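Chemist: Residue numbers (the working numbering), protein chains in the order written: chain A, 1024 to 1523; chain B, 1024 to 1523.
None of these hints come from the bench; they were simulated from the model.
Treat the hints with caution; some may be incorrect.
Repeated chains share a single entry, so a pair holds when one copy, or any two copies, can fit it.
[What the hints assert, rightly or not] As a list, the in silico SDA-like pairs of lysine to any residue whose alpha-carbon atoms are at most 25 Å apart:
| id | residue 1 | residue 2 |
| --- | --- | --- |
| 1 | K1033 | L1081 |
| 2 | K1121 | S1395 |
| 3 | K1235 | T1257 |
| 4 | K1235 | E1277 |
| 5 | K1121 | R1165 |
| 6 | K1222 | G1396 |
| 7 | K1235 | Y1275 |
| 8 | K1235 | L1058 |
| 9 | K1418 | A1036 |
| 10 | K1062 | G1048 |
| 11 | K1235 | P1061 |
| 12 | K1159 | T1120 |
| 13 | K1062 | L1240 |
| 14 | K1121 | I1370 |
| 15 | K1159 | S1395 |
| 16 | K1235 | T1057 |
| 17 | K1121 | A1096 |
| 18 | K1413 | D1349 |
| 19 | K1517 | P1229 |
| 20 | K1062 | Q1482 |
Only a predicted model underlies this, so the values are computations on that prediction, with no experimental measurement involved.
Now for the letters of each chain:
Number of protein chains: 2
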Amino acid sequence: MPALPEAYQKLRARGRELALLGATGGLLGWDQETLLPPKSHGFRAEQSAQIAGIAHRLATAPEVGSWLSACEAAQPPADSPEAACLARWRHDYNRATKIPTDLVEENERASGLARSVWVEARKRSDFASFAPHLEKLLSLARRMADLWGHSGQPYDALLEGYEPGWKTKEVAALFEKLQPRLVTISEKAFTIPAHPSRKNLSGHYPRHDQEKFLQTLLPKIGFDTAAGRLDTSTHPFCSGLGPYDTRMTTRYDETDFMVSLYGVLHETGHGLYDQGLPEAELGTPLGQAASLGIHESQSRLWENRVGRSHSFWKAWWPDFARTFPDLTGHNWEHCWRAANAVERSFIRVEADEVTYDLHILLRFQLETLLISGDLKVRDLPAAWNELFQKLLGLKVPDDSKGCLQDIHWSLGGFGYFPTYTLGNLTGSQLWQAAHRDLPDFEAFLVCRDYRPLLAWLRQKIHAHGRRYLAGDLIQRATGKPLDPEAHLSILEQKVKDLSG
Amino acid sequence: MPALPEAYQKLRARGRELALLGATGGLLGWDQETLLPPKSHGFRAEQSAQIAGIAHRLATAPEVGSWLSACEAAQPPADSPEAACLARWRHDYNRATKIPTDLVEENERASGLARSVWVEARKRSDFASFAPHLEKLLSLARRMADLWGHSGQPYDALLEGYEPGWKTKEVAALFEKLQPRLVTISEKAFTIPAHPSRKNLSGHYPRHDQEKFLQTLLPKIGFDTAAGRLDTSTHPFCSGLGPYDTRMTTRYDETDFMVSLYGVLHETGHGLYDQGLPEAELGTPLGQAASLGIHESQSRLWENRVGRSHSFWKAWWPDFARTFPDLTGHNWEHCWRAANAVERSFIRVEADEVTYDLHILLRFQLETLLISGDLKVRDLPAAWNELFQKLLGLKVPDDSKGCLQDIHWSLGGFGYFPTYTLGNLTGSQLWQAAHRDLPDFEAFLVCRDYRPLLAWLRQKIHAHGRRYLAGDLIQRATGKPLDPEAHLSILEQKVKDLSG
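One chain only, chain A, in its complex shape (with noise of 0.2 Å):
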């Protein structure tokens, strides 16, 4: 391979500077979400704003784009990890530039006015006053799109920004193959007799004893507690805000203790992904998370794959039995069966594995009519109530409970909703292939050693960061494409488990 030239040392160390401005960023609203005082909100958004802005300037320099065209002429093989490199940079970099900054700050200020109008519609469940700011985003989305570029579809252009490679058309193509056989499986799931809940396990949990048990719980699962840290907010997420800084958030319900364990399960997911991310590469896409939709892939295998089975509950039932006293009488099985109870509901966040996906499915179906204007705002609600009843059997109370109760839209996120259920497949097919390629896979987790899963994934995810795209990825890891079948066929059996 011919040497490449010395732009490509300049590229790194841009970079560089950039992963430092981007994990400046992530603690402004790390802290934010988690401390901050509530009248310094202001001054905060100021702040990231100036941050923002000033790795945008970077990124976009024109010397960059001088820099990429240096290293493209000099042709690195195609396989190479530096042609990998080029290419992620090279699409970043014509994204950024082909908004014009004016374009950037009234798309940030039309979504920060649109959030704070969606929280107070939200709670008065009035869509009304929330509707002309979702015109005003999606008008603003679809002007975005069409810089971007896309081939009559504009959709294609929003999701290229959350999961690269992805096409509507294959969305929309796997989903349809996903949604008949979902209905049937969470059909069968309802009528299952005396179908265990949550509610059974009602009892009281005292948060210190919660946060004992999860403090116990992630290093076991591999998570570097020296590397990062587990704290409180309103709505839990998870921050990698340096290689050895990855910050999870969660909230705790006395009354049931699995609101604190399956958060921090899933956030520990993002979190490993996030320390397994190779750290001398701070500042190349090989040191960057491939998609969101690979990034959901991680915290769903650890939640429901990890979380959900029976031999994490067997394994883990004598120290949950220790630590909460509020358990006597309950054995393993009684947990497992609540923790996988499922159950119709209106709200995405807090539904079960099983219905989870046909809340995104009809988020998808919607949100792709709303941007290439086949489905008016003003039409939104009834839009929604009608697909929800087709899909989940319940008619929809009121917006609050239905198309105002995400965040999402309010903040111009089109195109978002799909990496979910491409999380929940891809999680399910690399479990199938880990079961596959590790001997005594099964054993590991009885014996709560979760060592051999996790250096699989290291191996076969983590450590490629975002050289190859998603789709690609996937198919090295397991052999096959994504295909809905590995989760259907895992949900299915676990419908059957559940029924006997």
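Using the hints provided, position chain B relative to the given structure of chain A.
Modeler: Below, chain B alone, put in the same frame as chain A:
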């Protein structure tokens, strides 16, 4: 007054950018001391250096010099706020631009290295390993002092960085007046028969109870808890991270509740000052603290004048008694005596109010000699121990309890120490003036109504930001120049009360 040119608005805007960056850098530092995962310190140092570098480039950019010259040419009236802002901006700009970037970086590297060597040296009381680093930092400090400029006394140029307007010989003259009286007062205090000590109150004071008490105390004193926080760190500090984000830290000792009590009263003094700076002037010198000495005067006033008074202990005694069962059998006077105990001790940060300034006088004398070259680094431990014996009557057992105890020199912070004593003297002089200005001063304090005192400080000190040099500010607030008399007479009276 002739209209100021448009450049004045540009200076304001640049100042605001710098204030935002300063707050972001401040958050990086605050988080480092309170929450940062242990493995992430190296990365955090890179983040902090990046933000400092961006700020330094913005502050020293040639256009700032042009804006300043354009505004100065317009000659705003000498007593206008604008003239004061221009003078401060010019001062800062000239200082920052006189040091070449490579010297700034060399100093950063040298102090970074020295700090880590110092940590180990202090642990092992090994002055020899630290000596070459101290040598290096002193030579860098002299080089910088020469670049900043001085008339024969390089320490002047260093002092100017912490306490603008003060000259070494003025500080020396003040301290010479102070020293014999302080020695006399402390020696008298040491001979009080059956001298009260905090050990008399030994008991178990659960951290949770201390926290609860402090959360009651803070708003009562006037700290806006919706615009700040109280957290935990090894070394207590206060960071102003924005107009509505003042963060204080403390540490807890379950055998001695006065550790957190006086730590928090001290930091609250700093915090009230930060919260009292005019928000509309954020980014101009009018929104900044006047000097380190003035800042310290606020912390010392609340810690020592308010918190160690008869009225404080009388007024808060019922709350203390209710909060801490282990105070049973004691009364407010026991607590007041224990809080004011005067004892010989080696460590500055643990010293009582009477002996504290002797620790500072010693450091000031030695560091001026080190900078002038009249004291060699190798002779520092002997010089320290000799002077310590003279001032405090104790033989220093080893250098970790002697010249290795403080972090300041390991960071190259020569010229910082005198600001502590200037703060102590100023705090007492302000206290006396407030007493004179405010009707029923004591009656309000006994009723725990601190609003008149805080309002007085807001009006006399906080509201002016950095408009006046510290000396002028004190003159305006108290009607006379800074003088040790107020402080000494207060201490003399206190020792008399303790003897009674």
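Chemist: With reference to the structure, classify each hint as holding or not holding.
Modeler: Evaluation of the provided hints:
In this assembly of identical chains, the alpha carbons of K1033 and L1081 lie at most 25 Å apart whether taken from the same copy (12 Å) or from different copies (22 Å). In this assembly of identical chains, the alpha carbons of K1121 and S1395 lie at most 25 Å apart only when taken from the same copy (21 Å versus 59 Å across copies). Proximity of K1235 to T1257 under the C-alpha cut-off of 25 Å is found in both arrangements, the shortest distances being 20 Å within a copy and 23 Å between copies. In the homo-oligomer, the alpha carbons of K1235 and E1277 lie at most 25 Å apart both inside one protomer (14 Å) and across protomers (22 Å), since each shortest distance falls under that limit.
Taking the shortest Cα distances, K1121 and R1165 sit within 25 Å of each other inside one copy (14 Å), while across copies they are farther apart (51 Å). For the homomeric pair K1222 and G1396, neither the shortest alpha-carbon distance inside one copy (43 Å) nor that between copies (77 Å) is at most 25 Å. Taking the closest pair of Cα atoms, K1235 and Y1275 come within 25 Å of each other both inside a single copy (12 Å) and across two copies (22 Å). For the identical chains of this complex, K1235 and L1058 are neighbours both inside a copy (21 Å) and across copies (18 Å), given an alpha-carbon limit of 25 Å.
In the homo-oligomer, the alpha carbons of K1418 and A1036 never lie at most 25 Å apart, since the shortest distance is 55 Å inside one protomer and 54 Å across protomers. For the identical chains of this complex, K1062 and G1048 are neighbours both inside a copy (19 Å) and across copies (20 Å), given an alpha-carbon limit of 25 Å. In this assembly of identical chains, the alpha carbons of K1235 and P1061 lie at most 25 Å apart only when taken from different copies (20 Å versus 29 Å within one copy). In this assembly of identical chains, the alpha carbons of K1159 and T1120 lie at most 25 Å apart only when taken from the same copy (22 Å versus 47 Å across copies).
Taking the shortest Cα distances, K1062 and L1240 sit within 25 Å of each other only across copies (20 Å), while inside one copy they are farther apart (36 Å). In this assembly of identical chains, K1121 and I1370 lie within 25 Å of each other by CA distance neither inside one copy nor across copies; the values are 36 Å within and 61 Å between. In this homomeric assembly, K1159 and S1395 come within 25 Å of each other (Cα to Cα) only inside a single copy, at 14 Å, whereas the closest approach across copies is 67 Å. In this assembly of identical chains, the alpha carbons of K1235 and T1057 lie at most 25 Å apart whether taken from the same copy (20 Å) or from different copies (21 Å).
For the identical chains of this complex, K1121 and A1096 are intra-copy neighbours only, at 22 Å inside a copy versus 43 Å across copies, given an alpha-carbon limit of 25 Å. In this assembly of identical chains, the alpha carbons of K1413 and D1349 never lie at most 25 Å apart, being 39 Å within a copy and 66 Å across copies at closest. Taking the shortest Cα distances, K1517 and P1229 never come within 25 Å of each other, neither inside one copy (30 Å) nor across copies (49 Å). In this assembly of identical chains, K1062 and Q1482 lie within 25 Å of each other by CA distance solely across copies; the values are 23 Å between and 45 Å within a copy.
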